[in-house]
Amino acid sequence: MARALEEMLMEELDVLYQGALFLSAGDGRRAEKLLLDTTKAAFRGHSDGTLTTTGRHPLEHLMLGRFLATGPWRGRAEPRPTRVPGERRDGVVSPDAFFRAAGAVHPRARAALWLVVVRRRSHAEAAAVLVTDDSGLRELLAYRDTFVSEAFRGSIRGPIQAAD
Amino acid sequence: MHPGDMDCLSARAGLWPPERPRLVGEDQARARAHVNRCPACARFFAQDRVLLDGLEALRRERAPLEVRERVFHALASARSRDRGRGPVRSRVRVRPGWWTAAAAGATLALVAGIAVTTTRAAGPRLEDPQGAIAEDYIRRAVGQDFLDTSDPREVTRFLQRELGSPLTPLRADGLVVERVEICLLDGTRGAMIRYRMEGRTISQYVVPRVGVRARPPAVVHQRVGSGPQAVPVVTWADPSLEQALVGPVDEVRLLELARGRERP
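These protein sequence lines are chains A and B, in that order. Sequential numbering of the first sequence, starting at 1, is according to our numbering. Sequential numbering of the second sequence, starting at 1, is according to our numbering.
Be aware that a few hints might be false.
Computed spacing ranges between beta-carbons, pair by pair [to be verified]:
| no. | chain 1 | residue 1 | chain 2 | residue 2 | range |
| --- | --- | --- | --- | --- | --- |
| 1 | B | A46 | A | D133 | 27 to 33 Å |
| 2 | B | L175 | A | G65 | 50 to 56 Å |
| 3 | B | L52 | A | G136 | 50 to 56 Å |
Keep in mind that the hints were calculated from the coordinates and are not lab data. Ideal Cβ placement from N, Cα and C applies to all residues, glycine included.
Just chain B, same shape as in the assembly (with noise of 0.2 Å):
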């Protein structure tokens, strides 16, 4: 070792990450120096650059999808459980309204009728409804698919690939898809398909199930929350999907559009 010589961790620890740009100050020259000298410390950074490949394709892997569902289903539970305690600090907000109770009772509605036909196991499931919308929302905010559209074959391809069901939207006069984006309820993946009709937004939920018994449309009356409003919604299902319409139109004419769909 030279008089004034650097040891060689100290060495080591000045120049690293040796790829990250810095100042030469009298520090890093000393350690420029010792590592020019010293055959060990140049094997040492010789070695850690056979290894930036393999982290950079470390540094590639993603979480995948279902883990993602279920941290951010963690995070809405949390939420749910803390309701009440006082103000949670979030961008997340439920917007009151009429439109919210809906959403809401399409979501009970849903999952009361997956729990009567399914054995299998979900996920925790949600208490508040308010809690599933949450989720819902904060589902969409992980960035995960949807698309706008009002090709009902492009609604169709699009759920064709993200939940393997070629379901054809629904038809009616004056009926028009609007979008199409996954959702979660309660821990399960599946769509929302939204329309327009005379100037109301109605929405399609569908849900893939193994081994559910089929049963033909019927409304549901879903009461949310404390209130005593009891909000229409049409459910069915068939041996494969969980469907329910809700909307801010006459109950008899949901039962007529869920009726009235055309399937492949």
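Chain A with its partners taken away, still in its complex shape (with noise of 0.2 Å):
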């Protein structure tokens, strides 16, 4: 049974929020653009019938879409992750250091760690959400490392030690 619109918003929109400003790497302003372009882009979606309103997540994948068609990355080539040594790996990462931390990887990878390391997608799940496959989001995922580090350099609570 389709659902209404406002229903759908306020089930989603605090994780959307949330992605947002994951997605934004914490910057509020562009979080809540990205918020606000993908209400209307649900608007148009469900008057003109586009907007899936039954399965989980659908305003989430929207905002997923938007964020990776309407940024200022799109054709760009994507760097190689990079590999960082001896970093800590423990302690407790605030929300605002994983925030800041996601804006040190490219956006699409942004979207596969949100999605994967965030929010606890299965893989096959977040090849389907990002349109790509096993071996792509392979790819993507391959900036955990890098991302991780930087929510720990954010949050960092205890003496260096090297790791593998």
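Fit chain to chain and form the complex, with the hints in mind.
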């Protein structure tokens, strides 16, 4: 049964907000812009029947699509992930540290990390949302190391020790 | 790597996310066997466990009130602009009738008063009073605050908490407070106090403002839409509040109620 858009928004708004902040690397203004853009796109899709109203997280998937399709990074080559040696990998990571760390990776990788690391989606589900295959997703998730290093760097609470 | 062993990426993908219960099939058993033997994969999942507390805190982040308001305002604006272009699939319905026109009139009057008396840049203005009502309806659908009470002191405490304004409800013989709720008027957070008098509902709209020019209560005949009907609305202001009173009673009576208000 088709759901009202207001109902969908009410259910997903907090997750959308978290996701928008993550995709915008913690920039509140850009995050809100993404949220509003998603809302308007959702209205257009809901009105003309192209927006899926059943299933899980339709607005979150729409927002990811809008983020990847409308950013200034369209068509740019993705940089190779950098290896970060000797970083501390424990301690409590704050939400702000996660958001800022997302800015250290390429936007498509950011979207993949949001789905897999933060939202805990299976690889198959994340690949479907990002319209890629398993190997494509693995390339994006290769940025996980960089992201995690930056996240811990932002919230480090202990002595530095060598990692593998 | 053992013969028949899985590679690291496949093993990690097969057991992802690790906290989710799963039926153990052959692939999961092989993945688990690999992780049990692979120090790098064991460190990968151990590191992921360390992240979980932080991720849990991230998932508790709520969209702030002002962001929620702007999102639903954007939706209401989109609906307003789309009116007349075909059916809109939504559960938001503006019921026709006197009350709708009255609320629209109060909204218009307040908006007009705010435009004259404030220099603050507001959000996008709604041209359509029915759009303003839809916006207010959606605003309440967000699950924002309201209070059903007949105690004027509770209304005052509610308004102090929600708007920073310790307004005392109107007092008059036979006038009973029923409810107070937050509403959104032209993108600004205000409140509506609902009263009951002689079986009729009267609404008082309150919008906090800074630097408003004070003016005494006066009746405004607010035309709504293209129809001939003009709705009497009483509006007044002091330096911190714009107010309006509307209801299915004689306008002289409305004016008396507004003039007879008591402030703390």
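Against the structure, the hints:
{"no.": "1", "hint": "B:A46 <-> A:D133: 27 to 33 Å", "verdict": "holds, 29 Å"}
{"no.": "2", "hint": "B:L175 <-> A:G65: 50 to 56 Å", "verdict": "holds, 53 Å"}
{"no.": "3", "hint": "B:L52 <-> A:G136: 50 to 56 Å", "verdict": "violated, 26 Å"}
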